[in-house]
Amino acid sequence: MAQAVLKIDITEGFEGALPIAVIPFQWNGTAKTVNGDVSAIIMSDLARSGKFSPVAEKDLIARPQTLADVHYKTWRIAGMDHIVIGSVTKQTNGTYQVQFRLIDILKAKQVLGYNFSATDKTLRGVAHQISDYIFSHITNLPGAFNTRIAYVTLNRSKNLYKARLQISDTDGYNPQTLLTSDEPIMSPAWSPDGSELAYVSFESGQAEIYTHNIRTGVRKSRSKYKGLNGSPAWSHDGKKLALTLSKDGNPDIYILNLSDNKLQRLTNHWSIDTEAVWSADGKSVIYTSSRSGKPQLYRQAVHSGSKPERLTYEGNYNASASVSADGKHIAYVHGEGNVFRIAVLELATKSSRILTDGPLDESPEYAPNNSIILFASQEKRQAVLAGVSVDGRQKQRLEFSDGEVREPSWAAVRY
Amino acid sequence: MKKLLLISMLVLSVAACGERIKPDDETTGENGQGSAGQDGATAGGIGAGSGAGGTVLESGKLVSYEKNAINDPNNVLSEKVVYFAYDSNTVGDDYLELVKHHGKYLSFNAGASVRLEGHADERGTREYNVALAENRAQAVKQIMLYEGASNDQISVISYGEEKPVAFGHDDESMSLNRRAEIVYQ
Chain L
39 MAQAVLKIDI TEGFEGALPI AVIPFQWNGT AKTVNGDVSA IIMSDLARSG
89 KFSPVAEKDL IARPQTLADV HYKTWRIAGM DHIVIGSVTK QTNGTYQVQF
139 RLIDILKAKQ VLGYNFSATD KTLRGVAHQI SDYIFSHITN LPGAFNTRIA
189 YVTLNRSKNL YKARLQISDT DGYNPQTLLT SDEPIMSPAW SPDGSELAYV
239 SFESGQAEIY THNIRTGVRK SRSKYKGLNG SPAWSHDGKK LALTLSKDGN
289 PDIYILNLSD NKLQRLTNHW SIDTEAVWSA DGKSVIYTSS RSGKPQLYRQ
339 AVHSGSKPER LTYEGNYNAS ASVSADGKHI AYVHGEGNVF RIAVLELATK
389 SSRILTDGPL DESPEYAPNN SIILFASQEK RQAVLAGVSV DGRQKQRLEF
439 SDGEVREPSW AAVRY
Chain B
21 MKKLLLISML VLSVAACGER IKPDDETTGE NGQGSAGQDG ATAGGIGAGS
71 GAGGTVLESG KLVSYEKNAI NDPNNVLSEK VVYFAYDSNT VGDDYLELVK
121 HHGKYLSFNA GASVRLEGHA DERGTREYNV ALAENRAQAV KQIMLYEGAS
171 NDQISVISYG EEKPVAFGHD DESMSLNRRA EIVYQ
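If you read the protein sequences in the order shown, they are chains L and B.
Numbered by the numbering used here, the letters in the first sequence go through residues 39 to 453 in order.
Numbered by the numbering used here, the letters in the second sequence go through residues 21 to 205 in order.
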């Protein structure tokens with residue numbers, strides 16, 4: 039099974055990122071467990087969010103263990119806004135008690151403090167939960183560390199083709215395989231409540247869309263029309279899937295009502311229409327269409343009789359949109375010649391900027407709190423998952439030990 | 021890349037909706053009747069005259085539509101891959117005759133059936149490539165239908181960029197991956 043090794047590359051400066059010091063937690067009654075180094079996980083989460091610049095452990099000017107140990111003036115002079123202290127205590131029943139305190143240096147007081155109970159299995163989850171508390175308190179945005187990501191891995195050589203649908207923690211740890219197939223698996227998408235994945239599997243000898251409950255393992259075939267069955271995207275209420283079908287002649291966008299399997303055809307054009315995603319208000323979808331001759335992004339209301347509105351004009355290849363949770367931005371793939379990079383379009387101004395370097399970046403996916411954009415990238419001819427902060431200043435990558443990794447999807451909540 | 025030396029000057033333009041075949045140059049020797057004769061074919065290849073109405077083309081490939089023709093390495097039908105230009109689903113000049121031969125074969129062999137597998141190179145997004153490769157396979161299907169094959173003899177599947185045959189990132193590899201494969205069932 040692929041075990042993730044997280045590597046964070048900071049490629050540019052950190053202007054605007056908030057300084058924070060995460061003091062290594064004190065471990066009582068037990069040695070620090072490598073897989074559950076709570077304070078290291080918190081530090082890594084905050085750094086990956088692109089919104090914080092945690093002090094490296096070796097550069098810490100002090101290591102207070104309790105509130106009374108905190109010397110506010112020293113931290114203030116060091117330019118620190120917040121520090122995090124905490125402890126992990128092994129209980130007689132084998133569980134851990136995890137405590138943390140978030141301290142606001144300018145206010146010179148504790149602003150957040152919680153006690154958690156954890157097992158070896160849940161220790162990493164508790165660490166991500168603490169990261170979410172800290173992130174939300176300071177940024178006023180929801181946290182997205184203690185959820186899950188889904189992705190597709192592929193092991194392939196001349197006589198081997200093994201695709202796997204996997205889910206893991208948001209930092210790549212605890213990978214679990216939901217489906218293994220000798221045929222392609224594509225386009226995983228989380229339901230809004232994080233309980234199910236929709237995806238395309240070719241296991242039956244044709245493209246077919248399934249929904250798959252991650253806890254029960256129960257899955258249902260949702261779309262098996264003649265031709266294409268692709269690009270499933272959940273509506274925000276979890277009741278519908280936007281998808282691509284070619285049953286009526288050409289790839290077009292349809293809306294499938296999951297309760298009665300009724301289909302509504304949204305587009306009807308001789309060109310390719312695909313890769314629909316829902317707008318933040320759920321009233322329209324944004325999709326890729328080649329109706330202008332080359333793939334470009336369009337927005338269209340989901341009621342019948344609506345007209346498409348073209349969103350992208352720069353360049354000959356703009357596709358595969360992901361909408362930010364606040365609805366203000368769209369991340370997408372921008373191609374120029376043989377180079378494909380992730381770009382972001384600001385909907386209000388229609389201005390766009392390129393965030394990544396390519397050469398084959400694809401499948402952008404906004405984190406549910408808009409902090410970073412996950413995407414699939416090619417590095418040394420190997421497909422990896424990478425992340426970029428929404429301002430493009432911080433880049434990171436999730437590296438897996440074997441196989442290609444692609445098509446990340448980030449759950450809004452942990453089910 | 022393998023190419024057949026074929027003699028037709030037909031240019032087929034298959035729009036995504038298209039079933040219209042538009043010769044914009046003078047056509048040669050295409051009678052659609054199943055006599056496989058081709059103007060300008062030069063003899064001198066192997067096996068001339070063997071098989072049903074067999075004629076040898078410049079490349080030395082035999083044209084005949086008898087049942088086992090698809091398994092004969094000397095027959096034109098032994099070529100079963102159609103290659104495409106980037107972001108295009110137009111069957112180009114180099115492959116039009118080949119696709120027509122397969123279409124005729126199907127029309128003469130009602131018991132035969134094919135699965136057309138559409139593929140794309142790695143450039144661009146995955147789902148767009150699935151749609152593009154579907155349109156490639158559909159373009160091949162439309163020509164076959166025009167040549168007399170029937171709808172129920174042809175199934176279509178698109179794999180997009182998921183199943184490349186060449187794994188390099190160079191132009192040569194990518195051109196090999198932009199293809200529709202004709203797979204007899």
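Since the hints were derived computationally from the structure, they do not count as laboratory data.
Honestly, I wouldn't trust all of these hints.
[Stated by the list, open to error] Quick list of in silico lysine-lysine cross-link-like pairs, PhoX-like style, CA-CA up to 25 Å:
#  : chain 1 : residue 1 : chain 2 : residue 2
1  : B       : Lys100    : B       : Lys87
2  : B       : Lys183    : L       : Lys262
3  : L       : Lys196    : L       : Lys418
4  : L       : Lys128    : L       : Lys145
5  : L       : Lys200    : B       : Lys87
6  : L       : Lys264    : B       : Lys87
7  : L       : Lys277    : L       : Lys258
8  : L       : Lys388    : L       : Lys345
9  : L       : Lys300    : L       : Lys278
10 : L       : Lys300    : L       : Lys332
11 : B       : Lys87     : B       : Lys183
12 : L       : Lys196    : B       : Lys183
13 : B       : Lys87     : L       : Lys418
14 : L       : Lys278    : L       : Lys200
15 : L       : Lys418    : L       : Lys388
16 : B       : Lys183    : L       : Lys332
17 : B       : Lys87     : L       : Lys196
18 : L       : Lys285    : B       : Lys87
19 : L       : Lys264    : B       : Lys100
20 : L       : Lys159    : L       : Lys147
21 : L       : Lys300    : L       : Lys285
To see whether the hints hold, each was checked on the structure:
Restraint check: the Cα-Cα separation between lysine 100(B) and lysine 87(B) comes to about 16 Å, which is no more than 25 Å; the hinted pair holds. Proposed proximity of lysine 183(B) and lysine 262(L) is supported: the alpha carbons are some 21 Å apart, at most 25 Å. Annotation: proposed proximity of lysine 196(L) to lysine 418(L) holds, straight-line Cα distance about 19 Å (limit 25 Å). At most 25 Å may separate the alpha-carbon atoms for a hinted pair to count; lysine 128(L) and lysine 145(L) exceed this at roughly 32 Å.
About 36 Å separates the Cα atoms of lysine 200(L) and lysine 87(B), which puts this hinted pair outside 25 Å; it is violated. About 28 Å separates the Cα atoms of lysine 264(L) and lysine 87(B), which puts this hinted pair outside 25 Å; it is violated. Among the hinted pairs, lysine 277(L) with lysine 258(L) is consistent with the structure: their alpha-carbon atoms are about 14 Å apart, no more than 25 Å. The hinted pair formed by lysine 388(L) and lysine 345(L) meets the criterion: a straight-line CA distance of about 19 Å does not exceed 25 Å.
With a CA separation close to 10 Å, the supplied pair lysine 300(L) and lysine 278(L) stays within the 25 Å bound. For the hint pairing lysine 300(L) with lysine 332(L), the CA-to-CA distance comes to about 31 Å; that exceeds 25 Å, so the pair is violated. The suggested pairing of lysine 87(B) with lysine 183(B) is violated, with an alpha-carbon distance near 30 Å, which exceeds 25 Å. For the hint linking lysine 196(L) to lysine 183(B), the alpha-carbon distance of about 11 Å falls within 25 Å, and the restraint holds.
As the CA atoms of lysine 87(B) and lysine 418(L) are separated by approximately 48 Å, the hinted pair breaks the 25 Å bound. As the CA atoms of lysine 278(L) and lysine 200(L) are separated by approximately 30 Å, the hinted pair breaks the 25 Å bound. Taking the CA atoms of lysine 418(L) and lysine 388(L), the gap is near 34 Å; set against the 25 Å cutoff, the hint is violated. Simply put, lysine 183(B) and lysine 332(L) have alpha-carbon atoms about 23 Å apart, close enough for the 25 Å limit, and the pair holds.
Between lysine 87(B) and lysine 196(L), the direct Cα distance comes to roughly 31 Å. Violation of the 25 Å bound is thereby established for this hinted pair. Simply put, lysine 285(L) and lysine 87(B) have alpha-carbon atoms about 31 Å apart, too far for the 25 Å limit, and the pair is violated. Restraint check: the Cα-Cα separation between lysine 264(L) and lysine 100(B) comes to about 23 Å, which is no more than 25 Å; the hinted pair holds. Distance hint between lysine 159(L) and lysine 147(L) is unfulfilled; the C-alpha atoms sit about 32 Å from each other, more than 25 Å.
Between the alpha carbons of lysine 300(L) and lysine 285(L) the distance comes to roughly 15 Å, so the proposed pair stays at or under 25 Å and holds.
Hint compliance for this structure: hints 4, 5, 6, 10, 11, 13, 14, 15, 17, 18 and 20 are broken, all remaining hints hold.
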